[in-house]
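> When we follow my numbering, the leftmost residue of the sequence shown carries the number 144, and every step to the right adds one.
It is worth saying that the hints were derived from the structure and are not from the lab.
Just so it is clear, CB atoms sit at the ideal spot from N, CA and C, and this is done for glycine as well.
Don't take each hint at face value.
With beta-carbon atoms standing in for the labels, derived distance ranges [said to hold, decoys possible]: (1) P262 to E440: 42 to 48 Å; (2) A538 to E261: 22 to 28 Å; (3) Y414 to S532: 45 to 51 Å; (4) H508 to N156: 20 to 26 Å.
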Amino acid sequence: MARMTSSSRPLLNRRLAEFGTTIFAEMSAMAVRTGAINLGQGFPDTDGPEEVREAAVRALRDGRGNQYPPGPGVPELRSAIAAHQERRYGLSYDPGAEVLVTAGATEAIAASLLALLEPGDEVIALEPYYDSYAASIAMAGGTRVPVTLHPHEDRFRLDLDELREAVTDHTRLLLVNTPHNPTGTVLTRTELTAIAELAVERDLLVVTDEVYEHLVFDGSEHVPLATFPGMRERTVTIGSAGKTFSFTGWKVGWVTGPAELVAAVRSAKQYLTYVASGPFQYAVAEALRLPDSYFEEFRADMRGKRELLAGGLEQAGFRVFRPAGTYFITTDIRPLGESDGFAFCRALPERCGVVAIPNAVFYDHREQGAPFVRFAFCKRTGVLEEAASRLKTLAA
Numbered sequence: 144m145a146r147m148t149s150s151s152r153p154l155l156n157r158r159l160a161e162f163g164t165t166i167f168a169e170m171s172a173m174a175v176r177t178g179a180i181n182l183g184q185g186f187p188d189t190d191g192p193e194e195v196r197e198a199a200v201r202a203l204r205d206g207r208g209n210q211y212p213p214g215p216g217v218p219e220l221r222s223a224i225a226a227h228q229e230r231r232y233g234l235s236y237d238p239g240a241e242v243l244v245t246a247g248a249t250e251a252i253a254a255s256l257l258a259l260l261e262p263g264d265e266v267i268a269l270e271p272y273y274d275s276y277a278a279s280i281a282m283a284g285g286t287r288v289p290v291t292l293h294p295h296e297d298r299f300r301l302d303l304d305e306l307r308e309a310v311t312d313h314t315r316l317l318l319v320n321t322p323h324n325p326t327g328t329v330l331t332r333t334e335l336t337a338i339a340e341l342a343v344e345r346d347l348l349v350v351t352d353e354v355y356e357h358l359v360f361d362g363s364e365h366v367p368l369a370t371f372p373g374m375r376e377r378t379v380t381i382g383s384a385g386k387t388f389s390f391t392g393w394k395v396g397w398v399t400g401p402a403e404l405v406a407a408v409r410s411a412k413q414y415l416t417y418v419a420s421g422p423f424q425y426a427v428a429e430a431l432r433l434p435d436s437y438f439e440e441f442r443a444d445m446r447g448k449r450e451l452l453a454g455g456l457e458q459a460g461f462r463v464f465r466p467a468g469t470y471f472i473t474t475d476i477r478p479l480g481e482s483d484g485f486a487f488c489r490a491l492p493e494r495c496g497v498v499a500i501p502n503a504v505f506y507d508h509r510e511q512g513a514p515f516v517r518f519a520f521c522k523r524t525g526v527l528e529e530a531a532s533r534l535k536t537l538a539a
């Protein structure tokens with residue numbers, strides 16, 4: 144129970160009362176306590192490219208970024224982000240006014256929602272969703288309206304009629320995530336076209352989380368929402384170095400969008416971290432200029448790891464939804480005779496020495512996520528092989 148003040152008021156703001164310690168902290172602590180392999184939290188267990196790490200060391204030694212960097216981010220990184228968007232997607236952004244560097248994508252999400260929402264505004268988010276979405280909407284005083292991705296054959300799919308019906312006169316913003324965490328779905332051009340047309344028709348703002356943009360498989364393509372007609376002027380796009388270059392601890396993310404939206408986000412961001420990750424910003428600027436071969440090899444490596452873990456999960460008896468993007472696999476535990484993902488994940492470290500995350504934590508409608516469990520495959524091959532071996536005991 145929350146400790147009460149002398150006036151009997153809870154200390155925790157009521158907007159955050161539903162948010163306790165995250166499941167990631169709980170399951171990671173369980174991994175440490177039991178010695179289990181942690182396939183729950185989504186961070187790599189190896190560092191990214193050596194030349195990028197050396198760029199950070201060089202920046203430190205040269206005294207670049209050891210003091211406060213510029214509030215919007217160092218010019219070198221903002222220029223590199225703009226060049227990346229132009230080269231990859233044909234999106235032209237002014238580095239001075241339309242690019243903002245943040246302390247990771249999580250801050251970018253929070254600052255965007257704090258800046259763009261008024262209390263009572265409705266935000267439509269694709270459920271299941273990254274846990275910070277709900278907290279950020281709550282902190283901004285918004286009302287979240289989930290539209291659920293439903294399992295259908297080999298993937299989780301967006302019901303476009305359900306999305307359209309969710310929009311009301313109080314809807315201010317669509318919060319979109321593709322490639323999608325936790326399901327691994329990559330929204331198709333057809334789905335994105337419908338989202339864009341709806342946003343234009345109803346004059347909605349869009350915040351789109353595209354941090355897994357370079358992790359798409361099997362012929363899927365990542366198409367930024369900002370490239371669709373009428374969308375550049377209403378879309379805030381969020382990117383991250385952590386997911387692409389495997390330096391998640393550096394906490395370097397960014398926002399791109401029209402100047403007036405980026406200025407609004409910057410107004411909120413300056414009162415959150417103010418600035419962060421000074422020397423690492425210079426290193427990420429160099430990382431974004433790596434040749435296409437880096438991104439292709441990175442994607443191929445993750446695709447191989449996906450196949451390794453997916454095969455092990457299938458042999459263990461799970462129903463596996465092979466992801467078209469990200470580095471997470473969602474599974475259905477019902478073929479194992481289980482239906483409660485929380486109970487399953489809390490027992491799994493003792494049963495076979497592996498940690499996973501129950502997808503129900505990503506749902507408002509927790510019953511819809513109850514039988515689904517997420518595993519991360521952004522680990523060393525040997526670790527995934529050992530995890531697959533341990534999981535096979537479930538089949539027995």
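> Could you check the hint for me, namely that A538 and E261 are 22 to 28 Å apart, CB to CB?
At 52 Å between Cβs, range violated.
> Verify the CB-CB distance for H508 and N156 against the hinted window 20 to 26 Å.
24 Å, holds
> Range first: 42 to 48 Å. Now tell me if the beta carbons of P262 and E440 are that far apart.
Cβ of P262 to Cβ of E440: about 47 Å, so the range 42 to 48 Å holds.
> State, for the Cβ atoms of Y414 and S532, whether the hinted interval 45 to 51 Å holds or is violated.
49 Å, holds
Consistency with the previously given hints fails for number 2 only.
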